[in-house]
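Q: Please build the complete structure, drawing on both the sequences and the hints.
Protein chains: 2
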Amino acid sequence: MLRPAMAQYTVTRPLYSEDSFAQDHEKIYRQRKTLLDHVKAYFTCNSKRAKNTALSLLPIIGWMRIYRIKEWLLSDIVSGISTGLVAVLQGLAYSLLASLPPWYGLFAAFFPVITYFFLGTSRHISVGAFPVLSLMVGAVVTRLVPDEGPPANITGFEGLTPDQQRVVVAASVTFLMGIFQLAMGLLQVGFIVMYLSDTLVSGFTTAAAVHILVSQLKFVLGLVVPGLSGPLAIIYTLEKIFVQITDTNIADLVTSIIVMVVVFIVKELNDRYKAKLPVPIPIEVIMTVIACGVSYAFNFKDKYKVDVVGAIPKGYEPPMAPNMQIFAQTAVEAFPMAIVGFAVAFSVAKVYATKHDYLIDGNQELIAFGVSNIFGAAFRSFAASTALSRSAVQESTGGKTQVAGLLSAIIVMIVTLAIGFLLEPLPKSVLGAVVIINLKGMLMQFRDIPYLWRKDRPDCVVWIVTCVASILLGLDLGLAVGLGVELLAVVFRTQFPRCSVLVNIKGTDIYRDRKDYLSIYEPDGVKIFRIPSPIFFANIEFFRGKLVEAVGFNPLRVLRKRNKALRKIRKLLKKGELQITDKGLMQTGSGPIEESEDESNMEDLDQPTNFQDLPVQVNWNAELPAGICVPKVDIHSIILDFAAVSFLDISALKGLKAALKEFIRVDVEVYIVACDTYILEKLHSCKFFDDEIKTSIFFPTLHDAMLHTLERHPCQSQHKSPFEKVFTHSNHDSQINGGSSLRNRDKVVSEPETKF
Amino acid sequence: MLRPAMAQYTVTRPLYSEDSFAQDHEKIYRQRKTLLDHVKAYFTCNSKRAKNTALSLLPIIGWMRIYRIKEWLLSDIVSGISTGLVAVLQGLAYSLLASLPPWYGLFAAFFPVITYFFLGTSRHISVGAFPVLSLMVGAVVTRLVPDEGPPANITGFEGLTPDQQRVVVAASVTFLMGIFQLAMGLLQVGFIVMYLSDTLVSGFTTAAAVHILVSQLKFVLGLVVPGLSGPLAIIYTLEKIFVQITDTNIADLVTSIIVMVVVFIVKELNDRYKAKLPVPIPIEVIMTVIACGVSYAFNFKDKYKVDVVGAIPKGYEPPMAPNMQIFAQTAVEAFPMAIVGFAVAFSVAKVYATKHDYLIDGNQELIAFGVSNIFGAAFRSFAASTALSRSAVQESTGGKTQVAGLLSAIIVMIVTLAIGFLLEPLPKSVLGAVVIINLKGMLMQFRDIPYLWRKDRPDCVVWIVTCVASILLGLDLGLAVGLGVELLAVVFRTQFPRCSVLVNIKGTDIYRDRKDYLSIYEPDGVKIFRIPSPIFFANIEFFRGKLVEAVGFNPLRVLRKRNKALRKIRKLLKKGELQITDKGLMQTGSGPIEESEDESNMEDLDQPTNFQDLPVQVNWNAELPAGICVPKVDIHSIILDFAAVSFLDISALKGLKAALKEFIRVDVEVYIVACDTYILEKLHSCKFFDDEIKTSIFFPTLHDAMLHTLERHPCQSQHKSPFEKVFTHSNHDSQINGGSSLRNRDKVVSEPETKF
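Just so you know, the sequences run in chain order Y and R.
If you're matching positions, the first sequence starts at 1 in our numbering and goes up one per residue.
If you're matching positions, the second sequence starts at 1 in our numbering and goes up one per residue.
I should point out that these hints are in silico values taken from the structure, not numbers from a laboratory.
Note that this is a predicted model, so its numbers are computed, not measured.
There may be inaccurate statements among the hints.
Unchecked claim - Quick list of simulated restraints, FRET-style, between CB atoms:
no., chain 1, residue 1, chain 2, residue 2, range
1, Y, Tyr-358, R, Leu-187, 48 to 54 Å
2, Y, Lys-575, R, Tyr-451, 44 to 50 Å
3, R, Lys-682, Y, Asp-690, 36 to 42 Å
4, Y, His-356, R, Val-468, 41 to 47 Å
5, Y, Thr-695, R, Ile-69, 51 to 57 Å
Claimed, not checked - Below, simulated DMTMM-like cross-link-like pairs (lysine to aspartate or glutamate); rule was C-alpha separation at most 20 Å, straight line:
no., chain 1, residue 1, chain 2, residue 2
6, R, Lys-546, Y, Asp-361
7, Y, Lys-682, R, Asp-513
8, Y, Lys-350, R, Asp-606
9, R, Lys-564, Y, Asp-357
10, R, Lys-274, Y, Asp-606
11, R, Lys-682, Y, Asp-516
12, R, Lys-455, Y, Asp-37
13, Y, Lys-355, R, Glu-541
14, Y, Lys-657, Y, Asp-606
15, Y, Lys-561, R, Asp-357
16, R, Lys-527, R, Asp-634
17, Y, Lys-694, Y, Glu-711
18, Y, Lys-305, Y, Glu-424
19, Y, Lys-546, R, Asp-361
20, R, Lys-355, Y, Asp-606
Glycine is no exception: its CB is placed at the ideal position from the N, C-alpha and C atoms.
A: So this is what it looks like as structure tokens:
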């Protein structure tokens, strides 16, 4: 023993193939549920299920019943007021991203919140405008109602001002997005957000931050730049900005820079003294109020020609029906909006649900956001999701339930109905500055690139492609491209895996890559080939190539050569130039036969070698007479390690079957080990087995298959039956004289009973 | 022994963890090639490589050197003439699919063949028009130059007839397609055709057959139907056909039906007597000649208003430059054409290459088709690939090399230059009938649906979606949708795999699903969880959920409850309501403490339990005083079977790390077994290991980990050290009294040294 007191690993059991294992260990018959059963179960209805469904459709019933008025109400009120102030400010700012008049952002912070209060399962998120989503709305709005040139040809636009047309577009696309979300929720397909990996979302939101930054530059600089959309819009926008950079409004620029610097510093302080501050300082709200006052006092609007928020109409507008023509023209854009809106809200909600230990229901969230967006759109609000920053305010100021959300909506309503006029002198550049400074976190994600590059190349490629595509092609197309690349990356990871030839590690039942270890035992004539990934259409040919490479010969070519040789032997026998003797076949003719290409029956050459009409079998590895030459095959068994094959598709099934047959037809035995139970079942149900491929080729472990092989092909060395000796000694033995004497044995001759 | 003379499986070796295995078995240090090395190797240049590259760029040099004039030339001549006749007929027919005047199909059967002769690596395919590709050209042509309404606004169209405009469009899109193919060939990305699985191609070509059928109906019925393109074009086309179905030209219909019936019957006979016929009867050519004669004799054109091929201009037209504006407008369509054209040619070429035992080079094929299409387009030919039917003629009539192809091109040239006028009276309905009857094989692929449904559901879904999308949305969009669904199917297969809890099969070292077997050994406190697929962003959460389900408790919740309990204990100790005695903690206060929510430091609850300032450790599974209640954890070890985990991405890495920490923090040991070497290396390089997660958790086999666990947590039953006894007896022993007495042992108590 090398290390004293080390535990031993001792196993003595019969050698098992899958067949003999199944004989010894009876399997319990389990009735598997079919697709029909699942469908039936899904549509089964009873009173309990009905009640549960009703409850899950109105989550408010659940949490209202456990609402602790004494403890929670005060927290909710404090949180609601703080969140409401932030919601007013963000509503104004984000409606600029959506290319809409500022006060529509107040609608987005009011209507969707009301319905979410009843339908939502998250108790902590603050529903309302989300910058990326607002920007996506803005792209649609500026495409259909451009700043320059006529609006799209849509009935219903007649007699409306451009701003009114834009509101109609924004509301309609929001309505459609709500329909998509509601439909997805009812169809229970909320799981699709799983496909938005962290990497994809990081690349996408970074690109969105770049778009937002560029879109806010015009407000910060006080320039008039038409909103553009479509591929490369960002380039054209930057071009238009730089062309007129000399016209920058200095008052706007200075105000913006002051706001940005102050907000940035106070936010850093908030972060640093997080533990000590009871509540973070609401610096954006403070700066906005100050800017409002200063702008009013010095009459920025007239004196410095600063663009201000301007008159906010008091009260709400009558509800409107969405425009069907706009539906048709924006369907392709509304779908990614529905996905992005839901994905963001769901991921933020999940963070708080984990933190506060309650469950959120993805499908119910989809329904809640769907209804909220439909309801909001009917009142001219635009697309709602959640903003991380606002939700953080709601939660950190003590919000316990959506009661806080409802109160924030009431604050927004008060601003809309009563004191909105106070915001009139607020310069738009201040809103732009607040938006830009909040991009810090999203832009910091650029640091993911070197991190991902070091850790995982494919993920890094997905990040970069998603980001670049989203910046250049626009957010909707970019998201589609990113998704495609991400899926391709998954396929790619399994497509060119590192196959390896395994060998036994001396004195153990462990098998490892032969290139990695020194003390290995590798009996002649056996190759162990590990397939380290699932097999499917994109890699089955790759594996067949690698397998041929590993064994060192192409079985199909060998088979053809053998069949050709057989044809010749038959011909020679007919002509009498070969004769059958005791020692096999003897050449009596005069040397090699002329080469003649007889391609009349090419297909026959792929059939198994047929010795039927010949009096002897041919040992292909012996010397053949009459100049007939076939490639030697020095392998009698191939063992395929299927441990990592997690699925097989139909192409893989066909390819595998063809590959196995090719080897079996040149008298090489093929064994498959550690195959998954479900794959084995599938092989049975797909009629994988026939006369040539039998179920007896499956073994539970590599070592079982190896022992079986060695038993069938005992080596011609001094040991008569070496496999037990080799494999049963302890580690100690093998280190001294165990397997080494068994290496470099004579070539194993397959079919020793046949003579030529 | 149950079966006499059965081989035994006996292993005695030390118990290994991955760490101790690495100590005992030294690993050879292998320098892995970095990306940079690969790039360097790729760009290394020497004279031999240069020569090989030159040779591979001109494959004709290779096969010309081994050309056996005596044996091959005659075959090639016979084959060339037969193929040439078929090429003429197909050229005329397929140019109808491309919505071009018939004689341009003769160009497509001539120019690309010339360049392919020099550059192609396949010796047997017949280059020229391919129906699906012709239809895709037709879709572009009718989009830019519709039958009704003005053509697209393109400079260069002025002063051209609609037919001339169409030729310009077809040639330009072919040129662009050639550029794409050439670029892909030079970039060595020929492997992308791997993504076109058999299922996808089957669904796609079936859809194409439906499109072709519909597009030929107008010729067969003698109707005037404008060519349409874009989504749902097939529905509109059918509508237009049925609206005027009463105007059917009876002469056309009768001719078509006769041709179809005769061709169908003779083709069936060809199939049936394949073995006896030296060469299949060229029934299409015969029927065409007869139809030509009949039409001329009875003056079909004037008498029955039958639409005929009409005057074919003698000779070739001057070369032309492609139109850049058309490039910009057709780029999205040219790319799928490049893929489809290459994929079809490559798959046909591969069949013959395998049959005749030579190699084809995918990238060189891309270059060959790229150059051929660019060259052809310059002479107004349209997109070339290969048609399976024509290649079959070339090969079956004895073609040995592309010399046959060259001769077929010369036949086509003779028809173009000299005897084209003979084809003038040929009714277009005959061409349509020939095209339709050749669709039989493609339409028969509908039989794949029930076959795939039985064998592999996801593949069936891919087939149906690809086919339906290609029919309804058009071939280019349909191909994109199909590809997306196909990739999604691969992801989907690994996304919701069947996880299982494994148990030891009594008397063996084999572990199987516990639900499947009766004679199992499952020590208390150990759970073996098998992850049967790669782990990545789309399924990491799924696995974490399944693992929590399998172990029966959520570790994060348990940890939080424990930390909360610890806070209470500290408080009680401070207040003096708890005292430390010899037996642990003793309650001296007056019953349960009031519930009070202290959420000031929620994050602290996720940290490891900290006993630092407490005089004793707490045994969480014992009864706790003072009404403090934490969930019991009856598991001390989890073993994760990673055998089928073929890759981990960055999200999976993070998720796995978080999951492991959660369990480790509630004092559950986690072991990972059978982890791939490359994954282990990746975990090291990604800094997966830290104070909590150690490398010692990795074991080479399930049995090693199980033995290790049992050693660390010896059971409280009558056996002192049962694990060796249980696991070393032979099968015979275990069947009688082996492991059964060890089941239903006392609960294993974790941390027996701690007292409360």
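Q: Honestly, which of those hints from before does the structure not fit?
A: Those not satisfied: there are none.
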